[in-house]
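J.: One letter stands for each residue in the lines below.
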Amino acid sequence: MAQEKLYLKGDKLLDISNYEFKSIKNALRIGREKTIKKVKDSGLKGRGGAGFPTGIKWEMAAEVEGKEKYVVCNADEGEPGTFKDRYLLEERPLKVLEGIMLAAYAVGADKAYIYIRGEYSKSIEIFSEIIETAREKKILDANLFDSDFKLELKLIRGAGAYVCGDETSLINSIEGKRGRSRIKPPYPIEKGLFKQPTVVNNVESLCCAAEVLNPDSEEFSELGIKGSKGTKLLCLSGDLNKPGLYEVEFAQITLAEIIYDLGGGIKGNEDLRFVIPGGISTAVIKAEDLDFPYSYQAFEKRGSSLGSGAVIAVSKKHDLIDLMLNVSRFYMDETCGTCFPCREGNRQINKILNAFKEEDRKIETELISDIGNTIRLAARCGLGQSSLNFITSVIENYGKELKFGGKIYA
Amino acid sequence: MDKLKSLFYQDSLLEKLHQIQITYGYIPEAEIENLSEKYQLARANVYGVISFYSMFYTEPTGKYIIRICDSISCHLNESDSVLRAVKSYLGLKSHQTTEDKKFTLEVVECLGHCGEGPVMMVNNKIFTKINKNKALEILNDCM
Amino acid sequence: MLRAEIDGLNIELEEKISILDAAKKANINIPTLCYEDGLSIYGGCRLCVVEVEGEDLLKPACATEIEEGMKIKTHSKKVRDLRKNLFELIIATHNIDCQLNCLTCSRASNCELKDIAEDIGLSKMRLDPIKRGDSVDNSSYAVIREPEKCISCNRCIRKCEEVQGIGIFTTANRGPETVVTTFKDRGMGNVECTNCGQCILSCPTGALHELYQKESVLDILNDETKHVVVQTAPAVRVAISEPFSNQAGDISTGQLVTALKRLGFDAVFDTNFAADLTIMEEGTELIDRINNDGKLPLFTSCSPGWIKFIEHFYPEYLDNLSSAKSPQQMFGAVAKSYYAKEAGIDSDKIVVVSIMPCTAKKFEAKREEMAGDVDYVLTTRELASIIKSAGIDFLNLEESEYDELLGVSSGAADIFGTTGGVMEAALRTATELITGEELGKIEFEAVRGLEGIKKAEVEIGGLKLRAAVANGLGNARKVMEMIKDGEEFDFIEFMACPGGCMGGGGQPISSDKNVLEKRQQAIYKIDKSKKMRKSHENPYIKKLYDNYLEKPGSEIAHKLLHTKYKARKI
Ligand SMILES: Cc1cc2nc3c(=O)[nH]c(=O)nc-3n(C[C@H](O)[C@H](O)[C@H](O)COP(=O)(O)O)c2cc1C
Ligand code: SF4
Ligand code: SF4
Ligand code: SF4
Ligand code: SF4
Ligand code: FES
Ligand code: FES
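Protein chains in written order, with the UniProt record's numbering: chain A, 1 to 410; chain B, 1 to 143; chain C, 1 to 570.
Bound-form chain A, shown alone:
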């Protein structure tokens, strides 16, 4: 029976008086460079979806010159099926705080933001309190533990826009603008918030970094395999008997074990049709193909991604067109509306799927494929680029059942 490995998950960490800040203390002791080196050596990759190596990001940011530098903790979690960051914010906010401090210390920033999505009112409440106590206790706004490191931290509430999870949209949003993505380059590392070098990290990435620096969990960096190190929080949902949050070691558990052991298998004697392995911006994995270890590279090999860690099990009882419409509506509604391929492409895809559902008419796969290609190749940000991953993978795998013909992405 597959086991969880608990580092990020654990008892509530809410009382600042009893929290030892071992990781940041350790970092202050070994210094910036060694801190960055440790994170680099740990092989930690960003958990926000893009999987960029955190240590390298920090190293680059540490090297950039800037009048001031910023660290932004991305807590705008909005990818359907994902709730790990909310867990960390509600139950383990001190780890999150410590992670932010670590990042700031490492890159030489003395100002940071945490941007929590507006719908997470409990997280916002808890984290505001944490910030306030930390200020009182001279953890924030003051020289920390007699070092020369001092951090100011502000909390910004999102206001209901999924696209603000994209780091450049997030930056625009903090600046009080419409949350539309920015043209890259320049990347936030060079010119981010208020045109200053900015490191954006996901909540879970920062908590992982705290584990890496924690003298009590030195083995954390050894977990997993090359290319997929440490542990990963999984958000299990969909047609499972035991949905919920789980923490697993990379590559030590298969997707099948995740679904059938941790998730307790499929509800109500239904059969699994496929798994959406990393949120709705990832391509589906068919039920018969789940027997591989959970790692970045294994998903990449299968043309998918572990994305945000949202593992969604979908049984055979659902109408595929209905699901595609659901996903398509999400993207249609959530595009920032800036670039034409994403805004108009997703609108048209939704229209096409709707027409199919209503009139049961044959769908031009060529048209869907053309629109899909156009969005993927020409859209301005990750939202658009990945918006058709789910839909095209369903059509590719189940096109015949759907009376779809032709080939997608010919």
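Bear in mind the hints are in silico, worked out from the structure with no lab data behind them. None of these values were measured; they are calculated from a predicted model. Some hints here could point you the wrong way.
[As the list claims (entries may be wrong)] Derived EDC-like pairs (lysine to aspartate or glutamate); straight-line CA-CA distance at most 16 angstroms:
id, chain 1, residue 1, chain 2, residue 2
1, C, Lys184, B, Glu78
2, B, Lys125, A, Glu125
3, C, Lys184, B, Glu29
4, A, Lys317, B, Glu29
5, B, Lys5, A, Glu125
6, C, Lys566, C, Asp319
Given the coordinates of chain A, assemble chains B and C with the ligands onto it according to the supplied hints.
T.: Chains B and C with the ligands only, in chain A's frame:
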């Protein structure tokens, strides 16, 4: 001098909008004009920002904003049947408010409780694992 | 030195520029839609995407800097197919349900969308148009918006905000509801829009155009009971031929007059005459304010876009505005009084039509302070379209002269059409009136050219006049802020449009990058070719004062030629 000071110390427009929204339940025109003055932005620009975000309103809303998630995980757990029930009970479509200004209905995307769906939010309060009957009960409790 | 390869051509560049600019240097055209020279980069339409070797995703040429060693393909099959698909998506939002839509469109003859369709070789249209059902915004007296035709390219937003410094438009909402609109969808007539029409010049589609009065004018020309006189603004004669010849900088004053006569106007007069009159009134006011400790600096008042701007944004400075009406309005007032009397026509029968480079003039004519002076205002574009529809072969017309009484003007009036012109005209007259001596060099070079803000100190008989000239409302705002910060001036010319009236929002939409220079050269050429180059030398102006207005600033002059302003809220 002020220009030299880091923008970090400036009030964030987003937070200001939240505060106004909490005070009035929506963002009145006079406040938009104040903000446009304060931030030296055209008022159209401020309006553009407000209208981008689903949680901001430029017209008064109902006393209770009912948000029901219909994203994939909740959808798999039949959020659509909850939605149908609530819609017909309140006689509203998404983004609409009852005439007595009691309820505003919003069909929303993921609320981050996907393992416990379907999920419904009444103002700031989350209700998980709801079904048709539970949803209507919750609404009745608001009455 | 930077080396790169575009479509197999090796190019060398001195500095980092965008792929789009680099391609231009190599004479390669990449289609663009949201890009506009002089505005910030938006990167939204993605029509300009190109293939960069080694990258799977395509890159927007307008927003991507070229880098050492880059290998770029601007028209590979991958790129061309994608552009076609993308264009299908764009056209679907544009709601052309049948060709007729294009035939009646304001941009029927110079539509950017049609040009692009041709450039990329669009051959099929598989998507049904999306009907948003937006209604036309006709709340404004000057600018009309047809949101159904709007493709959200954002150019009007950036033009109004970045060049004009106003910010009337915004992108509102998100997702499929994303639209370009005004504050709370109020409509252009109900917000602080100055009616300058610069946004129209930026729009690639027919989503923005002036409020048309073409039909009304054609009707009134057919009304035998009316005596219809027409006036033409200085900047019209150097632009009216563009829609016929597709080239900028030609002077066609004579053809313009002939065309108007052929259209059936009862008298063809010149706004230039009223420009000379304006100089007499405004010059007198300036001298009076200087001599009698009046409010300084004096601001010119001939640009109605600027007037509405100051009424909205700097109402505390309304007293600085010259009380002189604009030439258009002066003309109307004189036509319906003096001309009526001289010609023996009942003033009720007189209809005044103006041909203006300007959309704000349409609003000005409707201002209650001077209602009735001018009845209809047509833009240069509208006139061109009427001329076309009347079957007049404009370019080959013989030349004719304006009708005399209100049709003769000095070169000083001609230069009203460009930025710096009103200032220069005023200086010519003021210097001679104050010193009583004839000017040696008549050109005031310091106020010429196309810079946004020009400052000059001019000696007039011992008096040092601190002058400034601003064109484009963004620059006007800068000058207002200089004044607020304590900088001192005596006399400032403000024009709402970049370049002055010749760059007005009612002028033909040109694809020539140097159109403003060319029009300006043409204007200076007209001035230079005239014997009479100072307003106070115009014999018909003298006659007007002698026979009717007494002298500049007289009571009757004030009644007819001056006006008031009002503070407007934002
Ligand atoms: C549309 C979109 C939504 C995203 N949403 C999130 C999010 O909710 N949380 C997050 O951490 N990253 C999100 N990302 C990824 C961020 O852009 C960014 O890569 C990440 O925050 C970097 O942190 P990491 O390196 O620690 O993963 C999103 C990206 C896109 C394109
Ligand atoms: S891809 Fe979509 S979300 Fe991203 S910039 Fe374009 S419209 Fe906005
Ligand atoms: S703007 Fe649209 S309707 Fe007008 S001519 Fe062009 S394509 Fe036709
Ligand atoms: S007419 Fe001028 S002020 Fe009005 S919206 Fe257009 S550019 Fe802006
Ligand atoms: S009105 Fe014209 S310029 Fe403005 S966004 Fe629409 S299409 Fe572009
Ligand atoms: S999908 Fe409904 S709460 Fe996440
Ligand atoms: S012209 Fe480059 S994206 Fe529009």
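J.: Please write out, lowest number first, the hints stated earlier that are contradicted by the structure.
T.: Hints 1, 4 and 5 not satisfied by this model.
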